[in-house]
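Asker: Go by the hints and put chain G onto chain V.
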Amino acid sequence: MARLFRLWQKKRGDRRTGSNAAGSLGEALFFAVLFLLGAVALAAVLTSQLSEAPHLSGWSLWLVLLVLASFLLIGGAGFVLSLLHFGASAERRSALIRRAGSMELIGDGVASSPGYPSVPRDVDLTDSPGTVLEYRLPVVQSPVWRVAASAVFCLLWNAATAVLIVLALESYVRDEFDWLMATLAGVMFVVGGWSIYHFVRQLFDHTGVGPTSVEISDLPLRPGQRYEVFLAQAGQMSIDSLQVMLVCEEEATFSQGTDVRTETRRVHCACVLEEPAFTVEPGMPYERRCELIVPAAAMHSFRAAHNAIHWKLIVRGQPRRRTAFERTFPVIVYPPARVATSA
Amino acid sequence: MEPLISLGLREPRPVYFPGERLSFEYQIDAVGPGELLACEASVLWTTMGKGDEDLGVHYFERRTPADTEDGDLRPLRQVEVILPKSPLSYCGIIVKIQWCVRVRIFLRKGKESFFEQPFQLGAVPPPELQQVRVESSSTPDEETVEQ
Numbered sequence: 239m240a241r242l243f244r245l246w247q248k249k250r251g252d253r254r255t256g257s258n259a260a261g262s263l264g265e266a267l268f269f270a271v272l273f274l275l276g277a278v279a280l281a282a283v284l285t286s287q288l289s290e291a292p293h294l295s296g297w298s299l300w301l302v303l304l305v306l307a308s309f310l311l312i313g314g315a316g317f318v319l320s321l322l323h324f325g326a327s328a329e330r331r332s333a334l335i336r337r338a339g340s341m342e343l344i345g346d347g348v349a350s351s352p353g354y355p356s357v358p359r360d361v362d363l364t365d366s367p368g369t370v371l372e373y374r375l376p377v378v379q380s381p382v383w384r385v386a387a388s389a390v391f392c393l394l395w396n397a398a399t400a401v402l403i404v405l406a407l408e409s410y411v412r413d414e415f416d417w418l419m420a421t422l423a424g425v426m427f428v429v430g431g432w433s434i435y436h437f438v439r440q441l442f443d444h445t446g447v448g449p450t451s452v453e454i455s456d457l458p459l460r461p462g463q464r465y466e467v468f469l470a471q472a473g474q475m476s477i478d479s480l481q482v483m484l485v486c487e488e489e490a491t492f493s494q495g496t497d498v499r500t501e502t503r504r505v506h507c508a509c510v511l512e513e514p515a516f517t518v519e520p521g522m523p524y525e526r527r528c529e530l531i532v533p534a535a536a537m538h539s540f541r542a543a544h545n546a547i548h549w550k551l552i553v554r555g556q557p558r559r560r561t562a563f564e565r566t567f568p569v570i571v572y573p574p575a576r577v578a579t580s581a
Numbered sequence: 244m245e246p247l248i249s250l251g252l253r254e255p256r257p258v259y260f261p262g263e264r265l266s267f268e269y270q271i272d273a274v275g276p277g278e279l280l281a282c283e284a285s286v287l288w289t290t291m292g293k294g295d296e297d298l299g300v301h302y303f304e305r306r307t308p309a310d311t312e313d314g315d316l317r318p319l320r321q322v323e324v325i326l327p328k329s330p331l332s333y334c335g336i337i338v339k340i341q342w343c344v345r346v347r348i349f350l351r352k353g354k355e356s357f358f359e360q361p362f363q364l365g366a367v368p369p370p371e372l373q374q375v376r377v378e379s380s381s382t383p384d385e386e387t388v389e390q
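If you're matching them up, the sequences are chains V and G in order. So in the working numbering, the last spot in the first sequence is 581, and the numbers never skip. So in the working numbering, the last spot in the second sequence is 390, and the numbers never skip.
So that you can see chain V by itself, here it is in the shape it has in the complex:
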């Protein structure tokens, strides 16, 4: 009984400390009450508005109608969903979702490769032809946003500092010197100077490194197969070391209290190319070809709601007297081509 009627229960995802049936019933009752509350209140408001002396007018009327209509919709939809979930097993719900996903209109949004359930599609990777090899891989995590954020901070901070300095100078000219304002302006001036230095350095690093381009001979990748990779590094700089790595990472998303955490673990990292110090001349990208071997025992790419396995090529460079850079190029690994024919 205590399990059924415990006042406070804890719930994480589909698991809860109390009875599932009682929880689902409570959920359905909550939405039913919300629906009834919305329906009754909405009817009352509309009736009163139609009477001779309406109580609400203008934006307040629309606000009340909007809130009550949202009660009605959320309560109704929640109640119907609770009823659908009540008594249906996880397998049945999953089968229903799968069947709905296979319908033509809904199926467009499904991210799996055709014929390979839970393997991400490679459409985004194969829509850009390469100049040397078959496909040019898209890069993720461009550092442009860091430069942009740094620029915005630099501009806003220094604008505020300039205003404060002008006010401090004005007070000095009027012989009403405000030491507090002057001190604050001095501190802000120092921070503003640092922000300019940081922004210039970020801009220098970003524009100095130049774009990295990776092309590959075929996609999707298959375990045990060999592929050709073409790397082009543009810019004007000296690089102390450059590596291209084939990396596999597991990614798990989980709820911890009210937090949603994502943990990533690198489970495979193989160096595909390692270059010693070299110099990139302007207009003459540094180009290299190398061979990529996908391990025969590699797990294929996988994507579900809370778990994933990602494969990627990572280009990591260490320019001379600059910050190291790392650029990521996702790839898709399919399961081995072996399929039983004895069925």
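Please keep in mind that the hints were generated in silico from the structure rather than gathered at the bench. Just so you know, even glycine gets a beta-carbon here, dropped at the ideal spot from N, CA and C. Wrong hints could be hidden among the right ones.
[Stated by the list, open to error] Listed next, the in silico DMTMM-like pairs over lysine to aspartate or glutamate satisfying Cα-Cα at most 20 angstroms (straight line): (1) G:Lys354 to G:Asp272; (2) G:Lys354 to G:Asp315; (3) V:Lys550 to V:Asp456; (4) G:Lys352 to G:Glu283; (5) V:Lys550 to G:Glu371; (6) V:Lys550 to V:Glu512; (7) G:Lys339 to V:Glu487; (8) G:Lys339 to V:Glu501; (9) V:Lys550 to V:Glu564.
[Unchecked claim] If you anchor each label on the Cβ, the simulated ranges turn out as follows: (10) V:Asp365 to G:Arg351: 32 to 38 angstroms; (11) G:Glu371 to V:Ile312: 47 to 53 angstroms; (12) G:Pro361 to V:Val318: 31 to 37 angstroms; (13) V:Leu267 to G:Arg256: 45 to 51 angstroms.
Answerer: Relative to the frame of chain V, chain G by itself:
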């Protein structure tokens, strides 16, 4: 008395490969014919490990007494399924994928019971741990959940 679900793979093998035929049979005992409201058999994969559970159903059938001639869901039933190309069974560090055949029965008074038989799809060996990176997002309020 708890109902008894007998579930077994026919011609069991340590490893099944995509495209192969998986054959299983199940039977329900220790329960009266009128007690069984429905019976579900499914071939599915689930994730285990650190992340919240994901589940994907490859094959699913639900039978009720109305689906049988004599209204009895208890007799032995055989099912054959062609296995899909993915996802393959995998025992990673924080992501694990396990395939199984699951039979779930629904009894009167809202009771239900299930039994599952795991099997291996594909032969992907476990990886070795190399590097960890944790990213977190969201609210500072934390609580623990009893399981």
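Asker: Assess, step by step, whether the Cα of lysine 550 (chain V) is no farther than 20 angstroms from the Cα of glutamate 564 (chain V), and give holds or violated.
Answerer: Since the Cα atoms of lysine 550 (chain V) and glutamate 564 (chain V) sit roughly 12 angstroms apart, the hinted pair holds (cutoff 20 angstroms).
Asker: Compare the distance between the alpha carbons of lysine 550 (chain V) and glutamate 371 (chain G) with 20 angstroms, and conclude whether the hinted pair is satisfied.
Answerer: Holds, at about 17 angstroms.
Asker: Check the hint pairing lysine 354 (chain G) with aspartate 272 (chain G) against an upper bound of 20 angstroms on the C-alpha distance.
Answerer: Within the cut-off at roughly 15 angstroms; holds.
Asker: Going straight from one Cα to the other, do lysine 550 (chain V) and aspartate 456 (chain V) come out at no more than 20 angstroms?
Answerer: Holds: lysine 550 (chain V) and aspartate 456 (chain V) sit about 14 angstroms apart, inside 20 angstroms.
Asker: If I claimed the Cβ atoms of leucine 267 (chain V) and arginine 256 (chain G) lie 45 to 51 angstroms apart, would that claim hold in this structure?
Answerer: Given range 45 to 51 angstroms: holds, Cβ gap about 49 angstroms.
Asker: Is the hinted range of 47 to 53 angstroms satisfied by the C-beta distance from glutamate 371 (chain G) to isoleucine 312 (chain V)?
Answerer: 48 angstroms, holds
Asker: Are the Cα atoms of lysine 352 (chain G) and glutamate 283 (chain G) separated by 20 angstroms or less?
Answerer: Cα-Cα ~17 angstroms, so holds.
Asker: Taking the beta carbons of aspartate 365 (chain V) and arginine 351 (chain G), is their distance inside 32 to 38 angstroms?
Answerer: Violated, at about 56 angstroms.
Asker: Tell me if the straight-line CA distance from lysine 550 (chain V) to glutamate 512 (chain V) falls inside 20 angstroms.
Answerer: 16 angstroms, holds
Asker: Given the hint that lysine 339 (chain G) pairs with glutamate 501 (chain V), test it: the Cα-Cα distance must not exceed 20 angstroms.
Answerer: 14 angstroms, holds
Asker: Given the hinted pair lysine 339 (chain G) and glutamate 487 (chain V), is their Cα-Cα distance within 20 angstroms?
Answerer: This hinted pair holds, its Cα atoms lying about 13 angstroms apart.
Asker: Given the hint that lysine 354 (chain G) pairs with aspartate 315 (chain G), test it: the Cα-Cα distance must not exceed 20 angstroms.
Answerer: Holds, at roughly 18 angstroms.
In this structure, only the earlier hint numbered 10 is contradicted, and the remaining ones agree with it.
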